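The task is simple: from the sequences and hints, build the whole structure.
Below, each chain spelled out in residue letters.
Protein chains: 2
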Amino acid sequence: MTRIFTYDSTLRDGEQSEGIALSLEDKLRIVERLDAFGVDFIEGGYPASNPKDIAFFERVRAMPLKHASIAAFGSTCKKGVAPEDDQGLADLVGSGAPAVTIVGKTWDEQVTRALLTTLDENLRMIRESVAYLKAQGLRVVFDAEHFFDGYKANPDFALACVRAASEAGADSIDLCETNGGALPHEVEEIVRTVAEALPGQQLGIHCHDDSGCAVANTLAAVRAGATQVQGTVNGFGERVGNADLLTVIADLELKMGCTCVGAENLRQLTGVSQFVAATCNLSVPTHHPYTGASAFAHKGGLHASAIARFPEAYEHARPESVGNTQRMLVSELAGKASLVAKAASLGIDLAAHQDKTQAILDDIKAREAAGYSYEVADGSLALLLQRHLGAYRPHFTLESFRVIVDDHEDTGALAKDAMSEATIKIHVDDQRFVATGEGAGPVGALDNALRMAITAFYPAVNEMELVDFKVRILDENVGTDAITRVVITTRDSSASWGTVGVSENIIEASWNALVDSIEYGLMRAGA
Amino acid sequence: MTRIFTYDSTLRDGEQSEGIALSLEDKLRIVERLDAFGVDFIEGGYPASNPKDIAFFERVRAMPLKHASIAAFGSTCKKGVAPEDDQGLADLVGSGAPAVTIVGKTWDEQVTRALLTTLDENLRMIRESVAYLKAQGLRVVFDAEHFFDGYKANPDFALACVRAASEAGADSIDLCETNGGALPHEVEEIVRTVAEALPGQQLGIHCHDDSGCAVANTLAAVRAGATQVQGTVNGFGERVGNADLLTVIADLELKMGCTCVGAENLRQLTGVSQFVAATCNLSVPTHHPYTGASAFAHKGGLHASAIARFPEAYEHARPESVGNTQRMLVSELAGKASLVAKAASLGIDLAAHQDKTQAILDDIKAREAAGYSYEVADGSLALLLQRHLGAYRPHFTLESFRVIVDDHEDTGALAKDAMSEATIKIHVDDQRFVATGEGAGPVGALDNALRMAITAFYPAVNEMELVDFKVRILDENVGTDAITRVVITTRDSSASWGTVGVSENIIEASWNALVDSIEYGLMRAGA
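For the record, the sequence lines run as chains H and P.
Using the UniProt record's numbering, you'd call the opening residue of the first sequence number 1 and step up by one each time.
Using the UniProt record's numbering, you'd call the opening residue of the second sequence number 1 and step up by one each time.
Bear in mind the hints are in silico, worked out from the structure with no lab data behind them.
Nothing here was measured: the structure is a model prediction, and the numbers come from that model.
Treat the hints loosely; a few may be bogus.
[Stated by the list, open to error] Distance windows between CB atoms, simulated:
1. Lys-356/H <-> Gln-87/P: 26 to 34 Å
2. Arg-61/H <-> Ala-495/P: 46 to 54 Å
3. Arg-387/H <-> His-408/P: 46 to 54 Å
4. Pro-98/P <-> Arg-113/H: 50 to 58 Å
5. Ala-21/H <-> Ser-321/P: 30 to 38 Å
6. Ala-527/P <-> Gly-19/H: 26 to 34 Å
7. Asp-362/H <-> Asp-492/P: 38 to 46 Å
8. Asp-362/H <-> Gln-136/P: 24 to 32 Å
9. Glu-25/P <-> Val-434/H: 27 to 35 Å
No residue lacks a Cβ here, since even glycine has one placed at the ideal position from N, Cα and C.
This is the structure we're talking about:
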């Protein structure tokens, strides 16, 4: 079993994707999930490009990771600058990350036409930067940018670049197929040449999917001797995206006799795929390999009867091995056993309620068909389970709310002068409370009104803070009357939790998610 | 230049995709388009499976195709039945299609466990069916089902099956990677073995994408000697889909020195991709190789300056060669030249206003920092430019609006009982209009009120329809007070356009995007 190391670039290359913007909290939650999945290296981004990235490296240092190493990303020192005087390298060291990845040029024309310096200076920049970072006690990956185009144009120079990195002590030299144009047979041949030229040097591979071959190119590199694979969850990335690290891992583990995260963790594959997509405010494409909802679904007339008699003929892998399910069952919670396990992780013992499990599964299925998604809404799921078990006691009940948004005059497109006011009428036990809250937006106003109404009864609400608010329009092509899904993340001093609300009305969807977030928080607090 | 024949299975295997259902007219329009594109064979479906397919073959016989041949799809004769007595083969002949494709089993266990007959009988079914159809003067493709799994399990039997088809006169033997589990190196090795075993026999390849390698597997087969490639437009198909015929064609033409449709027709690639997707009521995925909207889009901070100096380093192919365009995401309209070009594409001549270009760029930059994104909001960008040029005349001005959302009682999480009502006060020239609209949600209510207020003055508003409504929360980790970005897509009979609004208040952001969508539509309509 060849051990192949996994290097995730979702937080850096993935975030380059059109349509993806991750908050600091998003990034930290993705780190947590990838660590639990068993990824070896998680690239966090540029440690000094903006306040969010600086804060990321501060926060992530305090996280108790059980397996993964965080990598800070940057470039070799600048031309004409010694590594000890280079601000970029200082930022990498200052990030506190145990691993650093520096990108350097290996295509002669990139050096002379884009970087505007000499080939010798480029070699110096690589050699001295790697040596400097190694001397700081860091694990160093050298990302050989445009390596395959560079090798085709000038093999001697491209090899000289990676040899410089190798001799300077780079722990891994990751060959980057930067513009995504190479095909598997080219990648395999070139990686083999490098492996022969640098015996004993760990090599890695970083591919983009512009020719539709990113996964195959990555596998071809492994066949030729690479033992580190870079990629992003679901293949997110700029242009057509990066190699999908999840598909690569599944192919390596299930078809090429390699070990990446191990068979046990591999069952998290579909969950990781869905979690990261949801955190990016995207969906996993239905037809995504291994993790898509249709990946193990069958409808072909030709096959229907054959599947029953000979399932292995129509499943290239067991769906359970990657945490997916055969046929139309969309959710991670498709099977009773996994629902029981999920419930246990929320502190709810479903095993003692075997008779109710099917009804709960049916309810989840109906809700998911209506637009709910429980992948990132543990709080709402826990409340749903408690309702089915008769263990749910509402802390308050709504009589009515009214939200008013007032706006005056056109004051230009950057205007922030609209005011929102929410009045809610709430019952706690036999008491009735009326409270009004204001906010910059209608949901903030509702949140303020609700807290004001119940704070006397439930002071724990003051410990809770809304930290994330996501809106997704489902069936977007029906315009403003489409179904809206709102996902809210709330935290108190000990944990954070997600809740979900769905409605044709964006305010009502927000309210439902808000109520769940407070209810679940109060339940957790024992209120 | 090796000539590689293209065989499209969109109308048969593509229609197996979850979510795709094509009408007869849809199918005929796709045939017409694929024929113009230069595809060699178009598989039409089973000629007798249902009335729609029967009608298809009748109708398509009457179409004046300039290049493509239609193929009818079916199976070998049934076990124990002579070909001349087999209804399926009779239907194929009766379809009037000049080519027929018959699928047959080549995996020993499929024969004994699924088909429930002997290996010898399976060989007879293949041999006699091919010979029978050849005797009718048809071009015959033999689809060797499960060939790669079959070969791995019992190479002698798998080879005996394709040898039987070859000796009976099959024009092409297309090796099918039916369950999608094989990897490129396996495909290449096995196809090479078959090519050596059957010298002079045309071979084809049919792949599915379950391992994320369908395109690469297809290219590997071509390297090993296959000269016919099967696939579907955009890779549509059951489970995770088939090999994307378009990506395969582009890779073969641009990277492997082969000819499929020729360089001239290759420029239709993006158009074909969009046409077929739209006909299937789907969109081309933004990140699709070659034909997606992001396939040649750039925004990475690392690359921005390099692209300008050395474009070939970040484009693996010329976008024009496949009918796509390079796209600088507007955040990179940092340069005056690209802003002028973008304006020209919107029909606005900035070149005549050199003095204002810098102020416009500064404004765009400030707005993008505040949360605006013009990547998908050409309508708002055009209005912004017109405002700077003094060419913008507002069609109406807002005095005020008030939106009220009322909700009563907790009626469960699937409740849709909230009502929204919007009242707006608007001035058109010197007249004041007050109008109230209702809606399932607050934005729908505002939209209805606005249309009601201005319809008498601007009847063109009735031609416009909101078709898409997206909400993104920026800086999500500040909770419900975060900045909200709303992007709306609107269309009239001739075009569609995007507009964007940003505010701390989700209703105000929606209003701003809504106003831009109507203003731009009226400007386009000359109102």
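Regarding Ala-21/H and Ser-321/P, is the given constraint of 30 to 38 Å on their beta-carbon distance met?
-> holds, 32 Å
Per the hint of 26 to 34 Å, is the separation of the Cβ atoms of Lys-356/H and Gln-87/P within bounds?
-> At 51 Å between Cβs, range violated.
Supplied distance hint 26 to 34 Å, evaluated on CB atoms of Ala-527/P and Gly-19/H = holds, 33 Å
Using the beta carbons of Asp-362/H and Gln-136/P, state whether their distance is inside 24 to 32 Å or not.
-> violated, 53 Å
Does the Cβ pair Arg-61/H, Ala-495/P satisfy 46 to 54 Å?
-> For Arg-61/H and Ala-495/P the Cβ distance comes to about 51 Å; the hint holds.
Is it true that the C-beta distance of Glu-25/P to Val-434/H lies inside 27 to 35 Å, as the hint says?
-> Violated - the Cβ-Cβ distance for Glu-25/P and Val-434/H, about 59 Å, lies outside 27 to 35 Å.
Return holds or violated for the Cβ distance of Asp-362/H and Asp-492/P against the range 38 to 46 Å.
-> holds, 44 Å
How does the Cβ-Cβ distance of Pro-98/P and Arg-113/H compare with 50 to 58 Å: does it lie in that range?
-> holds, 53 Å
Outcome for the supplied range 46 to 54 Å, where the beta carbon pair is Arg-387/H and His-408/P | violated, 21 Å
In this structure, the earlier hints numbered 1, 3, 8, 9 are contradicted, and the remaining ones agree with it.
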